[in-house]
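Protein sequences, first through last, are from chains W and D. Be aware that the first sequence starts at 1, since it is given in this note's numbering, and climbs by one per residue. Be aware that the second sequence starts at 1, since it is given in this note's numbering, and climbs by one per residue.
If you're looking for bench data, these hints aren't it; they were derived computationally from the structure. Mixed in with the good hints, there may be bad ones.
Said to hold, decoys possible - Think about it this way: if two alpha-carbon atoms lie no more than 25 Å apart in a straight line, the pair counts; the simulated BS3-like pairs of lysine-lysine are:
#1 W:Lys-142 to D:Lys-9
#2 D:Lys-245 to W:Lys-278
#3 W:Lys-293 to D:Lys-2
#4 W:Lys-142 to D:Lys-222
#5 D:Lys-145 to W:Lys-315
#6 D:Lys-75 to W:Lys-285
#7 D:Lys-222 to W:Lys-278
#8 W:Lys-316 to D:Lys-245
#9 D:Lys-145 to W:Lys-68
#10 W:Lys-318 to D:Lys-152
Said to hold, decoys possible - Computed from the model, here is a short list of chain D residues facing chain W with C-beta under 10 Å:
#11 Glu-49
#12 Gly-54
#13 Ala-98
#14 Lys-107
#15 Glu-108
#16 Gly-109
#17 Ile-159
#18 Thr-165
#19 Met-227
All of these numbers come straight from a predicted model, not from anything done at the bench. Every residue gets a Cβ at the ideal spot worked out from N, C-alpha and C, and that includes glycine.
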Amino acid sequence: MSVIVFIESKNSAFKKADFEAVSYAKRLADQLEQSCTCLVIGSDVSSARVLGVYGADRVVCIQHEALKAFDGQLYTSAIAQAYSAYEGQVLILLHSSTGKTLAGRLAVKLEAGLVSGANGLPDISQGFVVPKLVFSGKAIAKVELLSDHKIISLMSNTLAPEELGSAVEASSFEPQLAASGLRVIDRSTQTGTVPLPEAERVVSAGRGLKGPENWGIIEELAEVLGATTACSRPVADADWRPHHEHVGQTGIAIRPNLYIAIGISGAIQHLAGVNNSKVIVVINKDPEAPFFKAADYGVCGDLFEVVPRLIQSIKKLKGTH
Amino acid sequence: MKIGVCISKTPETTSRISFKNNMTEFDTEGVSFIMNPYDEWYALVRALELKESGVGSEVIIIHVGGKENEAIIRKALAIGADRALRYDTAPDDALKVAHQIADAVRKEGISLLFLGKETIDYNGAEVAAMVAELLDWPFASFVNKIDVQDSKATVRREIEGGTETAEMELPLVISASKDLAQQRIPNMRGIMMAKRKPIDVLDAVDSPLRTKIQLFELPQEKTGVTMVDPEDMDHLVRLLHEEAKVI
Ligand SMILES: Cc1cc2nc3c(=O)[nH]c(=O)nc-3n(C[C@H](O)[C@H](O)[C@H](O)COP(=O)(O)OP(=O)(O)OC[C@H]3O[C@@H](n4cnc5c(N)ncnc54)[C@H](O)[C@@H]3O)c2cc1C
Ligand SMILES: Nc1ncnc2c1ncn2[C@@H]1O[C@H](COP(=O)(O)O)[C@@H](O)[C@H]1O
């Protein structure tokens, strides 16, 4: 039996979240005294070897023409075939757009119980119990999986990736697939920055910025920190910032290691998407701003003075390293 | 062509969350419930727009849950849906919900099915993909734009760090993201008409039970905020570097 982890990055453009999933799978496999098998789509066998470093005992490249575009039905079929061939018992995926599109399908196909959005390792001392955040992070549910086969989709930044092994020779696997009924017309992705759901550090700003022309300091702060930028909803609604930056209850939910909120009041719908960040810094001129109650560090002052100062101080720190 | 829209209920965000029976059960006492925003604001409205543009013949609401949820179904009818099906069983498991929805789709001969991208209480994002697999249909997830012509849909999906536009064949399952449509507020006429629209109550179909919530826990409270002098950002940077170890 084996713990199988599906890595969604193709052509070996692996990201940190992929390594996190591999290390998570390896730790679980050790607890269960099983091996850890990592599935990748694509034919780049040589660069897939690196997944061994993060804990994969075996790396399998699933190769098929029809998997070039993301067709959930074909991906499900391909993963299910490899899962059976490598005697899977538990399947780990990321709780990302791709992972969420596949997890429910695979649960039906493999007759597996599913916990989506897990934020910790399963407790296997009694049964198989997986923790996940519910009610916008206001509670944690411990979900028991009762079936033989089990699927977990993992929130990013749950466990840090660890070097648990060494590079392994990847093998290839060819699934039997039908033709795809899907035709991709257009694809646009941001380049350069880490997408919000995976970002380790996020600099976020709200209506306190007064207008889109003032975003320069936010972008500069993000750049010196190696952070991704985000915003509150009214800011996206007013088109000061692109919609994909909107975090909160109706936007993206994130849990970076560091969340810096600048000129954001901290309305409950905003907090719902960010209050599971490990460390929260709030910069606001109103000492009564509700966000301070959810913060680890607070700075009460005018952001137009505080943020440039903060940028200088970070540059100083980086300069001494 | 019949269009289905699945609606779920969820506690209003400002609700206080608490648990009873030794933390094994969500305490609904005093909690006010709303229709899941992704279902109400985006999925339902886009389905109605498609019907209005001549693509659909009928918009049918599907809900899994008890009689106490009929107010939410009525609201969906007031916004403009034609009629509703309610599977009379507790929606306590995603797979169970998916089995009921798949049953409704088969019975009604629905060929375009809308769901929300996730419910905002459990944030599962599980049901839509399960329904798609149960029906063996294609599934377009996190859709923020859809147009339908004959038996083809053009959908724009949110993917990691961007969007992808694709052409997909009907029948099709769609999960709705923000911006798919503009929220509609029910008007008086809609509310009056909704009173006469039928809600059919159906018995639940079987589904295997594979998950069970054992226990709820409350996350650790923040220990209180450390305030830093706005003049002294070196101090903040030191704290973030040495104490919090995040930079
Ligand atoms: C159903 C629903 C869903 C919602 N979903 C979301 C969501 O997903 N995400 C979201 O963000 N919101 C959401 N909202 C909106 C939310 O309720 C708030 O209205 C919103 O978050 C406020 O945005 P803000 O903090 O940027 O603006 P404001 O509330 O206007 O706050 C601006 C803050 O900036 C501070 N400020 C002003 N000038 C300065 C300065 N010079 N220096 C320092 N500080 C300054 C002010 O003190 C204030 O605290 C939702 C609302 C509803 C009803
Ligand atoms: N009890 C239910 N009845 C009908 N539809 C539901 C129910 N629960 C969830 N759904 C649909 O499934 C979507 C995603 O839910 P989930 O997978 O639970 O996050 C929701 O937005 C609804 O469209």
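Results for each hint:
no. : hint                   : result
1   : W:Lys-142 to D:Lys-9   : holds (22 Å)
2   : D:Lys-245 to W:Lys-278 : holds (11 Å)
3   : W:Lys-293 to D:Lys-2   : violated (49 Å)
4   : W:Lys-142 to D:Lys-222 : holds (21 Å)
5   : D:Lys-145 to W:Lys-315 : violated (42 Å)
6   : D:Lys-75 to W:Lys-285  : violated (41 Å)
7   : D:Lys-222 to W:Lys-278 : holds (10 Å)
8   : W:Lys-316 to D:Lys-245 : holds (17 Å)
9   : D:Lys-145 to W:Lys-68  : holds (23 Å)
10  : W:Lys-318 to D:Lys-152 : violated (54 Å)
11  : Glu-49                 : violated (20 Å)
12  : Gly-54                 : violated (23 Å)
13  : Ala-98                 : holds (7 Å)
14  : Lys-107                : violated (19 Å)
15  : Glu-108                : violated (21 Å)
16  : Gly-109                : violated (20 Å)
17  : Ile-159                : holds (5 Å)
18  : Thr-165                : holds (4 Å)
19  : Met-227                : holds (5 Å)
When held up to the earlier numbered hints, the structure conflicts with 3, 5, 6, 10, 11, 12, 14, 15, 16 and fits the remainder.
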